[in-house]
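Trainee: For reference, the chains in residue letters:
Number of protein chains: 2
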Amino acid sequence: MTSCDLLVIARWMLPIAPENCAFDNYALAITDGEIVDLGVAEEVQARVSPSETLSLTDHIVLPGLINAHGHAAMTLPRGAGEDQSLQAWLSDTIWPLEAKHVNADFVRLGTEVALAEMIASGTTTFSDMYFFPEDCADLVATVGMRAQVCFPVIEMSNVWSDGVVDGLHKGLALYDHYRHHERIDIAFGPHSAYTVSAANLEKVAMYSNEIDAQVQIHMHENAEEVHEAQALHGHTWIQALDEIGLLGPNLQTVHMTHVSDEDLATIASSRTSVIHCPVSNLKLASGYAHVDKYIEANVQVGLGTDGAASNNTLDLFHEAHTASLIAKHENRDPTAGNARDTLRMATLGGAQALGLERKVGSLEIGKQADFIAIDTNSLNLMPHYDPFAALVHGNAGRNVSHSYVRGEALLADRSHTSIDISALTEKVRQWQITAV
Amino acid sequence: MTSCDLLVIARWMLPIAPENCAFDNYALAITDGEIVDLGVAEEVQARVSPSETLSLTDHIVLPGLINAHGHAAMTLPRGAGEDQSLQAWLSDTIWPLEAKHVNADFVRLGTEVALAEMIASGTTTFSDMYFFPEDCADLVATVGMRAQVCFPVIEMSNVWSDGVVDGLHKGLALYDHYRHHERIDIAFGPHSAYTVSAANLEKVAMYSNEIDAQVQIHMHENAEEVHEAQALHGHTWIQALDEIGLLGPNLQTVHMTHVSDEDLATIASSRTSVIHCPVSNLKLASGYAHVDKYIEANVQVGLGTDGAASNNTLDLFHEAHTASLIAKHENRDPTAGNARDTLRMATLGGAQALGLERKVGSLEIGKQADFIAIDTNSLNLMPHYDPFAALVHGNAGRNVSHSYVRGEALLADRSHTSIDISALTEKVRQWQITAV
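Going line by line, the protein sequences match chains F and Z.
Note that our numbering has the first sequence beginning at 248, numbered continuously upward.
Note that our numbering has the second sequence beginning at 248, numbered continuously upward.
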C-alpha cells in the first residue's frame, strides 16, 4: 500500500484521455497535487492508503474545464447597455464605464466575482486579458485557481500602462515574478492586429520567442475586421501576422469567425491555436467559427466565454452546449458538434491551445489533480443514460458540486472554500451604489 | 383597507403589460387566486390588509413563464441516443424505447419530472402533447400547475388510442371532464399534416370549431417536410391546412422554420399562432424560424422547449437566451432578439398564442396570480443593471426562488411544495434500473 493525500471515488469518471471513455466506479489518488494512481475503484483502493477519501457516489468526475478566453474583471459591466450594435455598445456603454471606473480595485472586485462564478460552474483554469494583470494574478494565487494571465499590449496610454514599451516592461516583470509558480502562467496579450502596429507586434514576437511564452490575440472577430484589413492593407491580418513571424505554437488566436481556406492552411501549418467563443460571437452577431474545419486541419481548439459583458455568464458548460447547438445548425447536420468532441474542446482542447497539456486537461497519472464533480441527482440531468450528453446537452454548469485544483478543494458540496460569497455580494452591491 | 389573501412586495417588478416596464419596489395583492391590486409598494400597502405577506427584497418578480410546446413525459428518454440524425434517433432510440415502455405509469413518472423541472426554472404554464393525456392532466391538477393538454390525434393504432376516431372520442371526453377547470385546458393535438390525413384533419377542424377549442400541430419543422409536401402534393402543408379550414386563431403551429412569404401572409391573415422552439430546431439541425418576420406581421408567437429528449432541459429562460442569440446571429444584427421582446415571447406572447391571454401572461389586475421571483443575489446575475437583460442574457433559470400559480406557492425559497423531489428521484432511478 502506497500512502496518498486524497482518494477520490467516482460513480462515473470521464478522464478525456483516453478519448470518449466513461468509466464506472473509478478512482483517482492524489499526492502533492498530482494524480499518482487511477483506475477501477476497488483496485486503486487495494493499492493506496489515503489520508482522506472523497466518495462521489452519484457524481460524474472529469477534468476541470478550461475557459480559454475572457476578461474576468468585466463581470462588473455585465448587463449594462444590452442589445446594441457593437460600436454603440463600446462607445456609449463600455468605454465610458471603463474610463470612469477601471483601476486596480475594480479589477480585483470584478475578477473575484469571475473566479467565484467560474469555480461554481466547473472551470478550474482560465485565460485572462485585462488591465492590472498583477492584481488578477495575485487574486488567482490566493484563491487557488489556475490561470494564464495575458498582460495587455496596447498602443495608447491607458490606466495600466503608458503605451507598448511600458506595457511590455511591466508584463515582463510580471512574467519574471510568476516564472516558477505552479498555477499561474503569464502571457502576452496584444489586443488585436488592428489596434497594435506591425512594429509593436514584431516586438511581441521577438520577446515571446526569446522567453518561449504564449501570446493571445483577438483575430478575425467579424467580417468588418477582415474586409477593412483587405481594403486598407491588401491582406488579411493572418497574412500580416505570418509576415511578422507571430504565428506558431505559442500563438492563440481568439474568435476566427471569417477565415479563408488559404488563411486556414496558414494557421494549420504554423500550428497556431484557435479559441472559439460561440456565445459572444452570436450575441455580437460576429459570425461563426467553423470549428470542425479547424479540428479537421489538426488545429488545437479551445473554448472560451469571452468577458461577462458579452455573454453574460462565465459558465463553460453553457458555452459548450451553445457550441454544440450552433455547430449542428451551421453544418445542417445533427451529428455535428457531438457531446464527446465538445467536452474535449472544453478540457484537453483548451489545455493544448494554451500550451498547458502536460499539466492539465485530462485525468492521467502524472498530471495535476484539477478535477470537478457533477451531481447527477439533479432534475435537469434525470434520468441518466450517457454522461457526455448529460454534461453538454444537460447544461450541467448548475450541477457542479465539487471543484479541485492541485488536489485542493475550491468548491465542496456546492460551497466555496476560498471565497467569502456573502462578503463578495455585499462588496458588489456597495460598488454599484457608489459607482454607477 | 381591503382585505386580501397575499401581498407580494418585490424589489423589481416586470408586469410585461404595460410593455418594457421595470418598476422598483412594487407590490401586488392577491385574493382567491386573482390579482386584485398592483402598484408602488407603499401605496398598495396603504390600501390592503393581507392575511400573508411575501417580501422579496432582492428579487425580480414577473409573470410565470409559458412553455408553449413540449412532450412532458419525454424527460425519461432525455439523453438517450444523442447526436444522431433525426431519422436514426427516432428509429433506433426513441420509437423502440417508446414501443417498449410507454404506458400510463411511464407518462405519470416522466411528466412529474417535467413538472418539477419546469416549476424550479420558472415555468408556471405549459402545453403538452403526448399519450395518456388523462394522466398528464390529472397530475397537473394535483401538483397545481397550469397547462394546455393536447390529446394526440394519430392515424395508427397506438398505446393510447385505436386510431383517430377512438382518439377523438377519448379526447372529447377529457375535454368535457376539464371544461370548467381553473388551470387546465384540453386541446386537440394532431401530430402533423404529414402523419394525419386530410380527412381526419377536417374532423379536427370541425370538432374544434364546434366547441371553440385550441389545436396544436407540428408544422414545417424542417426543409425536408416542406419539400416532400411540394413534391408529393404540389402544395405546402400551410396551403393544405388553409384549404381544410384548420388555420385560424385557434390553431397553434409549432416550429415553422421553412415558410415562404406567401405562406407567412396566409398564417398572418388567418391569425394562426406560431410556437418557436429554437433549441430543438438547432439540435436537430431543422433550421431557424424567423420570429421577427412573424412578429412584424402581427402573428402571436410563443416560445417552447419541445420535449426534453430534443433539448435536453425544460428551462424556458435558457430557451429565451438561445432565442435571443440565434435571432442576433441569423439577422446579422446584435440589436435583434432583444431581451425585452424575448421575455415578452416567453410570457404574454405564449399566453396569446395559446389563447390564454385573458388569464395569464402578464401581471394585471383581474388576471390570475401566476408569478415567479428571481433571486438577484446570484453570482451569474451580479451586478445588476437591467432586469430584462439579467433574466434573458443571465440565463436566470437557475436563480428562480419562488413560483406561484393562482396565488399558491409551488416553489418557495427554491423548495418544491407539491412534489416530493427525493421520492421522485428514487422513482426515476428505480425505473431506469428495471426498464433500460
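Honestly, the hints are just simulated from the structure, not real lab data.
Note that CB positions come from ideal geometry on N, CA and C, so glycine has one too.
Careful, some of the hints might be misleading.
Label pairs and their in silico Cβ distance ranges [said to hold, decoys possible]:
hint: 1; chain 1: Z; residue 1: S507; chain 2: F; residue 2: S516; range: 14 to 24 Å
hint: 2; chain 1: Z; residue 1: D580; chain 2: F; residue 2: M403; range: 40 to 50 Å
hint: 3; chain 1: Z; residue 1: R294; chain 2: F; residue 2: T681; range: 34 to 44 Å
hint: 4; chain 1: Z; residue 1: N272; chain 2: F; residue 2: R605; range: 54 to 64 Å
hint: 5; chain 1: Z; residue 1: A682; chain 2: F; residue 2: N272; range: 19 to 29 Å
hint: 6; chain 1: F; residue 1: T664; chain 2: Z; residue 2: A682; range: 31 to 41 Å
hint: 7; chain 1: Z; residue 1: A346; chain 2: F; residue 2: D580; range: 39 to 49 Å
hint: 8; chain 1: Z; residue 1: N272; chain 2: F; residue 2: P265; range: 35 to 45 Å
hint: 9; chain 1: Z; residue 1: D339; chain 2: F; residue 2: E449; range: 52 to 62 Å
hint: 10; chain 1: F; residue 1: A682; chain 2: Z; residue 2: N272; range: 13 to 23 Å
If you want a taste of the chain Z side facing chain F, the calculated C-beta under 10 Å gives, among others [claimed, not checked]:
hint: 11; residue: L561
hint: 12; residue: I573
hint: 13; residue: H631
hint: 14; residue: D633
hint: 15; residue: L671
Trainee: Work down the list of hints and note, for each, if the structure agrees.
Mentor: Hint by hint, here is what the structure shows:
no.: 1; hint: S507(Z) - S516(F): 14 to 24 Å; verdict: violated, 45 Å
no.: 2; hint: D580(Z) - M403(F): 40 to 50 Å; verdict: violated, 30 Å
no.: 3; hint: R294(Z) - T681(F): 34 to 44 Å; verdict: holds, 35 Å
no.: 4; hint: N272(Z) - R605(F): 54 to 64 Å; verdict: holds, 55 Å
no.: 5; hint: A682(Z) - N272(F): 19 to 29 Å; verdict: holds, 22 Å
no.: 6; hint: T664(F) - A682(Z): 31 to 41 Å; verdict: holds, 39 Å
no.: 7; hint: A346(Z) - D580(F): 39 to 49 Å; verdict: violated, 27 Å
no.: 8; hint: N272(Z) - P265(F): 35 to 45 Å; verdict: violated, 57 Å
no.: 9; hint: D339(Z) - E449(F): 52 to 62 Å; verdict: holds, 56 Å
no.: 10; hint: A682(F) - N272(Z): 13 to 23 Å; verdict: holds, 22 Å
no.: 11; hint: L561; verdict: holds, 8 Å
no.: 12; hint: I573; verdict: holds, 7 Å
no.: 13; hint: H631; verdict: holds, 7 Å
no.: 14; hint: D633; verdict: holds, 5 Å
no.: 15; hint: L671; verdict: holds, 8 Å
The structure is inconsistent with the numbered hints 1, 2, 7 and 8, although it conforms to all the rest.
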